[in-house]
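S.K.: Residues per chain, in single letters:
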Amino acid sequence: MMRVACLLALIALAILILTAVHLDGASATMFSFIGIPALAAALVLYVIQRWRVGAFRRTPRSSTS
Amino acid sequence: MNSAPVGPLFVSPPVAAAVDWARVLPVLVALPAVAILVWGMVRGRLPPYMGVAVLVLTLASYGFGMLMVMEESKDIRFCGSCHVMTPIVESLRATDGESLAAIHYTRGLVPTSQACYTCHSGYGIWGTFDAKKAGTMHMLRNLTGSYTFPLELHGTFDIASCLGCHAGAASFRAVAAHQDHDVQEALLSHTMACTGACHPAAHPEAALTGGGAAS
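Chain order of the listed sequences is A and B. Under this note's numbering, the first residue of the first sequence carries the number 146, and numbering increases by one thereafter. Under this note's numbering, the first residue of the second sequence carries the number 11, and numbering increases by one thereafter.
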């Protein structure tokens, strides 16, 4: 899952760099309709992966007092 | 008419920054994120601190990228880069006075580098927002081919775009038709348009049907 998230984020960043180098209708269309959804999907996968390993679980803290 | 500037005095906009930070900044922020993501792909995992770093860098680069696209998509070269719009942008340079847009463009009545945006966006932050929303829909329609010729304006043209410049002009106020109360009411209620009855069409018919520009 992490590899897929990284791949999607890399696709999103490649489109961003392409758009910055050569901005026209085609690159802006890719930025809006491929780049942003790919970035959102990567974020969702990353959050799910972190949730599955228990990153968002509350752990009781040991108290010394 | 040759649109190429023949000297630095005719370049618009006149002052160009040495470094185009709007384009450089998203790339500068994206490059370390790419390095971390490649490392993550090879290893199949990312330590939490690296995950946070790549999250911040990627979101920041996309934030800067969105600002870049928002700003630089105001340029008429961007508008004309889609085939369907190319004849309309080319028709702006016609000097025969056939279209209102060409009259404004060739006489320098609108900023020549942002001519489309100047007339097709309203005032204030919501004007910009509506223009960008409409532009995104244009891209989607262009991508899916869901448009028909002749191209038509969606809804009514916002006359505030005209009045923003003309309302205070003495020459505009001096015209008898503009002083007529009924005409004013009709224009403001969108039952009458500036073009058609009194002024030439905004764009030539040939350009709206995907044909070449009038010379």
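Everything labelled a hint here was simulated from the structure, so no lab data went into it. Because the structure is a prediction, the values reported are computed rather than measured. Honestly, I wouldn't trust all of these hints.
[To be verified] Lysine to any residue pairs mimicking SDA-like chemistry, simulated, CA-CA at most 25 Å apart:
id, chain 1, residue 1, chain 2, residue 2
1, B, K84, B, G174
2, B, K142, A, L190
3, B, K143, A, V149
4, B, K143, A, S172
5, B, K143, A, F201
S.K.: Compare the structure with each hint and give your call.
M.R.: Here is what the structure says about each hint:
Among the hinted pairs, K84 (chain B) with G174 (chain B) is consistent with the structure: their alpha-carbon atoms are about 18 Å apart, no more than 25 Å. The hinted pair formed by K142 (chain B) and L190 (chain A) fails the criterion: a straight-line CA distance of about 29 Å is larger than 25 Å. Proposed proximity of K143 (chain B) and V149 (chain A) is contradicted: the alpha carbons are some 31 Å apart, above 25 Å. The suggested pairing of K143 (chain B) with S172 (chain A) holds, with an alpha-carbon distance near 17 Å, which does not exceed 25 Å.
Of the pairs offered as hints, the one joining K143 (chain B) and F201 (chain A) is violated, with about 36 Å between alpha carbons and a cut-off of 25 Å exceeded.
Of the numbered hints given earlier, the model fails hints 2, 3 and 5; all others are met.
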